[in-house]
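Peer 1: With the working numbering applied, the sequence shown covers 13 to 92.
If you are wondering where the hints come from, they were derived from the structure by calculation, not from laboratory data. The beta carbon of each residue, even a glycine, is placed where N, CA and C say it ideally should be. Among the clues, some could well be false.
[What the hints assert, rightly or not] Label pairs and their in silico Cβ distance ranges:
(1) Ile-17 to Cys-44: 20 to 26 Å
(2) Pro-87 to Leu-28: 27 to 33 Å
(3) Pro-75 to Ala-52: 36 to 42 Å
(4) Val-67 to Leu-33: 24 to 30 Å
(5) Tyr-30 to Ala-70: 37 to 43 Å
(6) Cys-44 to Ser-18: 20 to 26 Å
(7) Val-37 to Val-88: 35 to 41 Å
(8) Ser-58 to Leu-21: 18 to 24 Å
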Amino acid sequence: MGKTISQRLGEFISDLGYDKLSTDVVRTAKLCVLDWLGSAIGGGSSRPVRMVADVVRALGGHPRGLAVPPHRTLPVAGYA
């Protein structure tokens, strides 16, 4: 039987190197990261984000990762 789509995708990603990406792809990826970061910082102090962070904290668990924002550690399950 052939490889699953997950296996094929995993192999593709693991074989992919920065040198195999076109200039346009790299530029677009950088813009996407900057867009996400700006959105995270800009909306991080909004009421809905604070509410979600409060719920995640109330669910418990060992805080292991820094949320960007609200710039505090939350349990890993909260990142899903």
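Peer 1: Taking the hints in turn, state whether each one holds.
Peer 2: Evaluated hints:
Roughly 23 Å separates the CB atoms of Ile-17 and Cys-44, a value that falls within the hinted 20 to 26 Å. One distance hint, 27 to 33 Å for the beta-carbon pair Pro-87 and Leu-28, holds here, with the actual separation near 32 Å. The beta-carbon spacing between Pro-75 and Ala-52, approximately 18 Å, falls outside the hinted interval of 36 to 42 Å. At about 38 Å, the CB distance of Val-67 to Leu-33 disagrees with the hint of 24 to 30 Å.
Distance hint for Tyr-30 and Ala-70: a CB-CB separation of about 41 Å, consistent with the stated range 37 to 43 Å. The hinted range of 20 to 26 Å is satisfied by Cys-44 and Ser-18, whose Cβ atoms lie roughly 23 Å apart. The beta-carbon spacing between Val-37 and Val-88, approximately 30 Å, falls outside the hinted interval of 35 to 41 Å. Taking the beta carbon of each, Ser-58 and Leu-21 are about 34 Å apart, not inside 18 to 24 Å as hinted.
In this structure, the earlier hints numbered 3, 4, 7 and 8 are contradicted, and the remaining ones agree with it.
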